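Q: Sequence:
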Amino acid sequence: MLQYNTEKPYTLTEMHYAKCVLSHLMHSYLTVKWIKNQMIEETPPEIVLNFIVQWIDNENFHFFEDVLNKLDIWADKVKAHLTNAHPDQLTENTDELYTPAQIFSAVSTVLFHQNRMTMTTSANLDTLDVLKVLENKVGNQIAVYAIYQAIARRCGAACDLIVFVNHLFLEWRCEDNPNKPVMYKIQIMTGELEANHRCPYVSSRFKYSADALLHSLHACFVKSLGPMQNWASANAADLLGFLGGTYTTPSAYDIFYQFFSGDIDLISLNSSLDIKNLSEREMAIILSLVHVKIRMNRPLGKFQNKAVKISEAREHDVTVKYGVGMVCSHKDLEYQCIIIGWELSCNAEWRTRLTNDGQTTGFEQPYYNVVANDQTERYVAQENLVPVNRPNRLLHLEDLVSKDFSHFDGFSYVMNDEKKTEYPEEGPIIEEHRQRCMTIENY
1 MLQYNTEKPY TLTEMHYAKC VLSHLMHSYL TVKWIKNQMI EETPPEIVLN
51 FIVQWIDNEN FHFFEDVLNK LDIWADKVKA HLTNAHPDQL TENTDELYTP
101 AQIFSAVSTV LFHQNRMTMT TSANLDTLDV LKVLENKVGN QIAVYAIYQA
151 IARRCGAACD LIVFVNHLFL EWRCEDNPNK PVMYKIQIMT GELEANHRCP
201 YVSSRFKYSA DALLHSLHAC FVKSLGPMQN WASANAADLL GFLGGTYTTP
251 SAYDIFYQFF SGDIDLISLN SSLDIKNLSE REMAIILSLV HVKIRMNRPL
301 GKFQNKAVKI SEAREHDVTV KYGVGMVCSH KDLEYQCIII GWELSCNAEW
351 RTRLTNDGQT TGFEQPYYNV VANDQTERYV AQENLVPVNR PNRLLHLEDL
401 VSKDFSHFDG FSYVMNDEKK TEYPEEGPII EEHRQRCMTI ENY
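Numbered according to UniProt numbering, the sequence shown spans residues 1 to 443.
A few of these clues could be false.
[Claimed, not checked] Pairs of lysine-lysine, DSSO-like flavour, derived with a Cα cap of 30 Å:
1) LYS321 x LYS223
2) LYS19 x LYS33
3) LYS180 x LYS70
4) LYS70 x LYS207
5) LYS223 x LYS207
6) LYS420 x LYS19
[What the hints assert, rightly or not] The calculated label-pair distances, taken between Cβ atoms and stated as ranges, are:
7) GLY226 x ALA85: 42 to 50 Å
8) VAL386 x LEU344: 17 to 25 Å
9) LYS77 x ARG353: 30 to 38 Å
10) LEU22 x GLU364: 15 to 23 Å
Calculated directly from the structure, the hints in this document are not laboratory data.
What you are looking at is a predicted structure, and each value in this text was computed from that prediction instead of being measured.
Glycine residues also receive a C-beta, built at the ideal position from the N, C-alpha and C atoms.
I would like the entire structure built from these sequences, with the hints used as guidance.
A: Pasting the structure below:
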């Protein structure tokens, strides 16, 4: 087993594996919490929002209690507005003091007119976090609708959040006539009620589903994230697996939720979260997560189920100009990148996908595996790369290369012991470039 120093400063590699462990621990805890809540009642939208934020951003704590307390504070603001707006309705009996229409109007006034709340289609850790949305006054559309519903519910007017892929709305059910209830759609900006003939996709038996909302939030987050690969994207992929996603996005949690929820031990759910309280069956589930086989195209190399595989040591050839860990730039496309590997010539698989256009040396030259500035991995011919004379840390790429490098030394990323075993002769060539750059004027 690898032995690392547990004192600061931590290396990039140590932080990489620490984040892997933290991710598994936090996701396992959240899985138990989610299933336990779902067995009691459907998880309300504001807690679903906090759940997805905590799942993705597991390096920080996002407490459910903080969300509930903050919403209580905002509900008090609405109640204060109702008191001022309808002083004639103040009575000793506070039960059902205000009508739902008055409450919805008050919530709209407090959120959108007094506090200038705005909505966006972007879904990220700022626009989905209930606390940040209420603080910054801007949030994803689903988040703002969920906040609206939560505040209205606390003030005595319950409504349902209906979410589809392309649209959403708040629906209030008037049951003055229990035999023929009337559905109203809430105009969130004003609180006005208008008769709702219901979306054609909504059957009369349709009701709120926390699982469906979580799917919608995940889809919005991934769409906003785009092709970016980092710990947020890796955790989002795990969430899709937790929800029973497709095999096109491999995850350590594929079908885990369905398997776990169908055979959960209720006694252990009510015990404190401690490994000593886990049953043999639950221990087997955790072991299956640790040893699950995942496709090799997994972002960040996060869930390789065995020890780091050490490839055969590569001997440096005189034709190889650059070393692993160097920061280079593409001659034509001008993006910066970190070299994470090389081959003496273009491999057979890539020869069928690349062309010789613009290349003078052809395929018989060193080719480099690099992580580009846009967080994509690329395969680049040596003649298309030039070293960066004054390299800086590429912080936004370090999550992608941390498994192979320990730190940035001011000129290049330093390989860890495992990577050095594969590329043992990089030192002299990197030092040659370092000395060359030091002679450049004003370097």
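Q: So, against the hints stated earlier in the document, which numbers end up violated here?
A: 1, 3, 9, 10
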